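Enquirer: One line per chain: the protein sequences are S and C, in this order.
Be aware that the first sequence starts at 2, since it is given in my numbering, and climbs by one per residue.
Be aware that the second sequence starts at 412, since it is given in my numbering, and climbs by one per residue.
Don't read these hints as lab results, they were simulated from the structure.
All figures in this text were calculated on a predicted structure; none of them were measured in a lab.
Among the clues, some could well be false.
Claimed, not checked - As a list, the in silico DMTMM-like pairs of lysine to aspartate or glutamate whose alpha-carbon atoms are at most 25 Å apart:
| # | chain 1 | residue 1 | chain 2 | residue 2 |
| --- | --- | --- | --- | --- |
| 1 | C | Lys-479 | S | Asp-262 |
| 2 | C | Lys-564 | S | Asp-182 |
| 3 | S | Lys-65 | S | Glu-336 |
| 4 | C | Lys-541 | C | Glu-575 |
| 5 | C | Lys-541 | S | Glu-27 |
| 6 | S | Lys-265 | C | Glu-472 |
| 7 | C | Lys-521 | C | Glu-575 |
| 8 | C | Lys-564 | S | Glu-175 |
| 9 | C | Lys-479 | S | Glu-136 |
| 10 | C | Lys-493 | S | Glu-289 |
| 11 | C | Lys-602 | S | Asp-181 |
| 12 | C | Lys-521 | S | Glu-289 |
| 13 | S | Lys-62 | S | Glu-342 |
| 14 | C | Lys-594 | S | Glu-175 |
| 15 | C | Lys-594 | S | Asp-181 |
| 16 | C | Lys-642 | C | Glu-625 |
| 17 | C | Lys-626 | C | Glu-568 |
| 18 | S | Lys-35 | S | Glu-242 |
| 19 | S | Lys-99 | C | Glu-568 |
| 20 | C | Lys-594 | S | Glu-25 |
| 21 | C | Lys-564 | S | Glu-136 |
| 22 | C | Lys-602 | C | Glu-539 |
| 23 | S | Lys-135 | C | Glu-625 |
| 24 | C | Lys-594 | S | Asp-182 |
| 25 | S | Lys-62 | S | Asp-246 |
| 26 | C | Lys-564 | S | Glu-25 |
| 27 | C | Lys-541 | S | Glu-25 |
| 28 | C | Lys-444 | C | Asp-417 |
| 29 | C | Lys-564 | S | Asp-181 |
| 30 | C | Lys-541 | S | Glu-289 |
| 31 | C | Lys-564 | S | Glu-27 |
| 32 | S | Lys-366 | S | Glu-247 |
| 33 | C | Lys-642 | S | Glu-175 |
| 34 | C | Lys-479 | S | Glu-289 |
| 35 | S | Lys-209 | S | Glu-45 |
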Amino acid sequence: METGRYGQYGGQYVPETLMNAVHELEQAYEHYKKDPDFNRELDELLRNYAGRPSLLYYAEKMTKDLGGAKIYLKREDLNHTGSHKINNVLGQVLLAKKMGKTRVIAETGAGQHGVATATAAALMGMECEIFMGKEDTERQALNVFRMELLGAKVHPVTTGTMTLKDAVNEAMREWTSRVDDTLYVLGSVMGPHPFPMIVRDFQSVISKESRQQILEAEGKLPDMIVACVGGGSNAMGSFYEYIEDEGVQLIGCEAAGLGVDNPKNAATIANGSMGIFHGMKSLFCQNEYGQIAPVYSISAGLDYPGIGPEHAMLNETGRASYVPITDEEAVAAFEYLSRTEGIIPAIESAHAIAYVMKTAGQMDKNQIIIATVSGRGDKDVAAIARYRGVEIYE
Amino acid sequence: MSRIRDTFKKEKAFIAFVTGGDPDIDTSYELIKTMAASGADIIEIGIPFSDPIAEGPVIQEASLRALKAGTTTDSLFGLVEKLRKEIEIPLVFMTYMNPIYVYGTERFMKRCAEVGIDGVIVPDVPFEEKAELAEQCREQGIDLISMIAPTSKERIETIAREAEGFIYCVSSLGVTGVRSEIKTDIGSMVKHVKAVTDVPVAVGFGIATPEQAEKMASLSDGAIVGSAIVKLVAKYGKEAAPYVADYVKSMKEGVRRA
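One chain only, chain C, in its complex shape (with noise of 0.2 Å):
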């Protein structure tokens, strides 16, 4: 049993995505810290590409800050590193797939055990190319995170069959960003999920306040929330940590409600 899914043992998890390396290594570092102590389950660090064509324009600024600021992925596997000796919640990279094949799959999944990284996310790689690092992922015990999303309609089954760690579903068409109304009937895709496997399933892709964070985990097991956090990274720069506390702590409370 992955220590991820353990998380949703205990309760419906919040989920907080945060780009690595944005504005710089040091503030990622405050900022998870942060997010961890003001009731994150699960963190994902997005390791920066230079063309991420799954992120709104949010998190694109984000990936060209990170990069500007000379992040790369030697300098996230260091600051997961550091982290460790801090928190032991479950830590998950999201990123795309050029940056890992670059690095070498076998190499860059060996880093991830070696420092202490739970699972990947990686939204150019759907189901049909899966082998591309199944295999790497399973070697050292990383969990490949599956994302269904409104269109995957029959894929969702085949899809959940095989997941691993918890079901990333895709609440809205289109790319990352904060969503005034979420229209898809999330209770149905969980339905098909839950027909063919307990491994949990968390909804992301526009749920900004803790009301939509509510209602997406009483829909599901959880609620994962990225271009909010980015945005008040954006705004406030190196000293965005005390406000990531306060919002962190505003949308745990909106899950735990659910």
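If we strip away everything but chain S, and leave its shape as in the complex, we get (with noise of 0.2 Å):
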């Protein structure tokens, strides 16, 4: 395959003022993800900082009340900062550091992503600038705190739709306005080429973790992994080590906000059409005439008008399937994970646990689903007491 093509998709679609930027990037990780100075450090960081391995949890009450497969979860919302991001994170603001630059930017839509950044630059001594659409700002207010709280400067985004796209367009001209000192921190597995394949190399620690981890509990791979999809990076990592095990069935879960018929929802497969948009040929929401449609979903992370290009491809090769969940869907979903197993997943996640709702029951006893709780729903509890009529005050 073509250097940072995914199939047709993919590609470094930038400002010339950044090509020789994502160049350097792009030699700079084949360099050090060959270092083992840099692999080890990696490692000792996502095990006594980020809290690695995450734990692979048998969801027993789940299992017997749905009545079918076997459910596992992979608790991403246990590592440090509460999501898969501090994965990713880790990785490239280390790389970052021994590129030289002392200065980090970032997008954010709930604020998992920059929050991880945030802690990360505060670990390595890196300047730390976020940008957040103020809409999500408003919705996400204690995350945007917490980012101060590390030392971050926060940006609300007041162009466009104020959401996570427009977060994107920000730090990208951010980046191209600061080049020398500053690394784009990208959070999901999209962007132009080499984000897509760093972000799902420092991801895919979920997938090498939870094969190894049901290898050993169970003794054979699982039937199905779900895992909850905006721009993929969660998923991604979730599916990249069982690509090969074509028994393995890998589902994603898009966020179909009010219903995939209905124009407020995020759901890229079954409603984009391709274009090419930041940095990357893939899939979009989107006009006739490639104006980027305003999208929602109820959650912030979720709430983003394109997809991986490797999601795209493993669209369009079948390898993967690709489902909507309403808000009202991922909704029950966060309220019956947390009475079931005790445990408050992020409402981006409980997308990923409204499919297996939906789907375990129907399968057979003895079959195996894996499902990705990307992060802890702390920063959810006043929406979803909102959605449900409460008014409560953070």
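With the hints as a guide, dock the two chains, each given alone in a separate frame, to form the complex.
Expert: Okay, structure coming up:
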């Protein structure tokens, strides 16, 4: 496959000003990924700072209640900073440091990637600026303060739809204005090459671990992996080590908002078409003239009009399947997992749980599902209360 | 030889940008006619995109105004068709890859040729991704304008070698918009270009005053101005034409002095 391409998807569609920066990043990554010292340091950070390996938890009550496949949860919510985002960020900020950069910038939707980046920057002594849609700074006010507490500067983005895609636009604009000392730490398997590859590699620790853990626990591979997809980083990380195992079904759950037939959704695979945006050729929610559509989801982290290029390819080849999950289904799953297993998942992750709830009962008792709980739900409690008509002041 | 390159043979060029359909198509028609009459040598028409990542706030807002007013790629083809009955100077579309790709790259370039567009500038298609539209441009005789930036360094010669029409020299890091000072060593960038090609070089990003235009044109073959014009359109809306006319005249004079 051509560098940076996933079938017909991917590529490097960025302004000339950034070309040397993405090349420099690519070269540095190719060098350091083979460097034993870099890998030792990263491994050390993942174990002693992020708390890896994350648990593969057998959800016994949920399994009994749904009455079908055995359900395991890959507990990325237990990582330091409360989501899978730390896996990628520790890798990228360490790489930035090795490259001699002194400043990192990042976009964030729900705030998870922003918090993780601010955390890694604090740990490694880097300057940090986070771009977050103004609407999201309001939806996730606590995370804004959290980032500031960690020493980051948060820029509320007031352009466009004031959500995740606009935060990416603004972070890219900022990067073009200051490339020498700054690395853009992209939070998902998207954007121009080499980001989709780097983020996938750093996130694939999820499936490396889960594969080994399930073999230890069950002596066989799972039948299905389920993860939520916005840009698609936790899903890519959850899928990656199983791609060659044809018997393992890979399911990505996209945010269908008020429903795939309602304009208020963010289901890119269901509703999107081919386009070239944010540095990549992939699928996007857009109109007939290629104007990017305003998308909607209750979950700020999945509220993105595109999807990573490798997912677009996995969808095209049929290796992975992508299903839409509505706000209502996600909220029900959020509540269900909380009550059934005592685990409050991020509303993003609840999209994956919702699919498990629909599917497990139809599967055989000797089959196995691994669902990734990509983050914890503390950040969402107030929004879920609001959804149920209860006003809570954070 | 393209009509764009011919333009530079006469004298140093003043290249004016305006966002198509801001505040509406009729005003764009008046503005472009006025700019041509006031001395603009080449006019860039921006096809508005919802997410213009290379633009600063001024052109971002203009793009949103144009889209809100219902501007589409087709309505801008219609605008150019109408303009071609009145003006002969080269017209160039500036837009992002997605509106071209989704329209159908081949269909887009064909329409460009039909209505009389001379070139396209697509800031999110760097040299490495040129294959996305180079052939379709060539088939229709549309110049694909290349950009070079202060960070391009050794890339300048590679880019220049395959350049067509003119080379858009980005004066500064960051996005489009007015700057009080341009610190990049433009002279040395132009020298790199001239070492490998005689395709003309025009400097854009951050130019707003006749003095800046004079200085940039003295170091190159022309000056490109966008945000400063779009600002006038934002301020005066449908009444902007006379203000833009005066401004373009003063800028062209600046370039002439170079």
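Enquirer: Taking the hints in turn, state whether each one holds.
Expert: Evaluated hints:
Pair hint Lys-479(C) plus Asp-262(S) holds up; C-alpha atoms about 24 Å apart against a cutoff of 25 Å. Distance check on the hinted pair: Lys-564(C) and Asp-182(S) sit about 17 Å apart at the alpha-carbon level, within 25 Å; holds. Taking the CA atoms of Lys-65(S) and Glu-336(S), the gap is near 17 Å; set against the 25 Å cutoff, the hint holds. Of the supplied pair hints, the one linking Lys-541(C) and Glu-575(C) holds, its CA atoms being roughly 12 Å apart against a limit of 25 Å.
Restraint check for Lys-541(C) and Glu-27(S): satisfied, since their Cα atoms lie roughly 20 Å apart, inside the 25 Å limit. Among the hinted pairs, Lys-265(S) with Glu-472(C) is consistent with the structure: their alpha-carbon atoms are about 24 Å apart, no more than 25 Å. Pair hint Lys-521(C) plus Glu-575(C) holds up; C-alpha atoms about 18 Å apart against a cutoff of 25 Å. As the CA atoms of Lys-564(C) and Glu-175(S) are separated by approximately 20 Å, the hinted pair is consistent with the 25 Å bound.
For the suggested pair Lys-479(C) and Glu-136(S), the alpha carbons sit about 20 Å apart, so the restraint of at most 25 Å is met. Distance check on the hinted pair: Lys-493(C) and Glu-289(S) sit about 24 Å apart at the alpha-carbon level, within 25 Å; holds. For the given pair, Lys-602(C) sits about 23 Å from Asp-181(S) by alpha-carbon distance, which is consistent with the 25 Å threshold. Restraint check for Lys-521(C) and Glu-289(S): satisfied, since their Cα atoms lie roughly 18 Å apart, inside the 25 Å limit.
For the suggested pair Lys-62(S) and Glu-342(S), the alpha carbons sit about 7 Å apart, so the restraint of at most 25 Å is met. Between the alpha carbons of Lys-594(C) and Glu-175(S) the distance comes to roughly 18 Å, so the proposed pair stays at or under 25 Å and holds. Taken as a hint, the Lys-594(C) and Asp-181(S) pair is honoured in the structure, with Cα atoms around 15 Å apart against an allowance of 25 Å. Between Lys-642(C) and Glu-625(C), the direct Cα distance comes to roughly 20 Å. Compliance with the 25 Å bound is thereby established for this hinted pair.
Between Lys-626(C) and Glu-568(C) the CA atoms are separated by roughly 23 Å; this keeps the pair inside 25 Å, and the hint holds. A distance of roughly 19 Å separates the Cα atoms of Lys-35(S) and Glu-242(S); the hinted pair therefore holds under the 25 Å criterion. With a C-alpha separation of about 30 Å, the suggested pairing of Lys-99(S) with Glu-568(C) is violated against the 25 Å cut-off. Taking the CA atoms of Lys-594(C) and Glu-25(S), the gap is near 24 Å; set against the 25 Å cutoff, the hint holds.
As the CA atoms of Lys-564(C) and Glu-136(S) are separated by approximately 39 Å, the hinted pair breaks the 25 Å bound. Our distance criterion of 25 Å between C-alpha atoms is met by Lys-602(C) and Glu-539(C), whose separation comes to about 23 Å. Of the supplied pair hints, the one linking Lys-135(S) and Glu-625(C) is violated, its CA atoms being roughly 40 Å apart against a limit of 25 Å. For a cut-off of 25 Å, the pair hint linking Lys-594(C) to Asp-182(S) stands: about 18 Å separates their Cα positions.
Between Lys-62(S) and Asp-246(S) the CA atoms are separated by roughly 28 Å; this puts the pair beyond 25 Å, and the hint is violated. Restraint check for Lys-564(C) and Glu-25(S): the C-alpha separation of about 13 Å stays at or below 25 Å, so the hint holds. Taking the CA atoms of Lys-541(C) and Glu-25(S), the gap is near 20 Å; set against the 25 Å cutoff, the hint holds. The hinted pair formed by Lys-444(C) and Asp-417(C) meets the criterion: a straight-line CA distance of about 20 Å does not exceed 25 Å.
Restraint check for Lys-564(C) and Asp-181(S): satisfied, since their Cα atoms lie roughly 13 Å apart, inside the 25 Å limit. Between the alpha carbons of Lys-541(C) and Glu-289(S) the distance comes to roughly 23 Å, so the proposed pair stays at or under 25 Å and holds. Taken as a hint, the Lys-564(C) and Glu-27(S) pair is honoured in the structure, with Cα atoms around 18 Å apart against an allowance of 25 Å. As the CA atoms of Lys-366(S) and Glu-247(S) are separated by approximately 20 Å, the hinted pair is consistent with the 25 Å bound.
With a C-alpha separation of about 22 Å, the suggested pairing of Lys-642(C) with Glu-175(S) holds against the 25 Å cut-off. Annotation: proposed proximity of Lys-479(C) to Glu-289(S) holds, straight-line Cα distance about 15 Å (limit 25 Å). Using a Cα cut-off of 25 Å, the hinted pair Lys-209(S) and Glu-45(S) holds, with the two alpha carbons roughly 16 Å apart.
Hints 19, 21, 23 and 25 from the earlier list are contradicted by this structure; the remaining hints agree with it.
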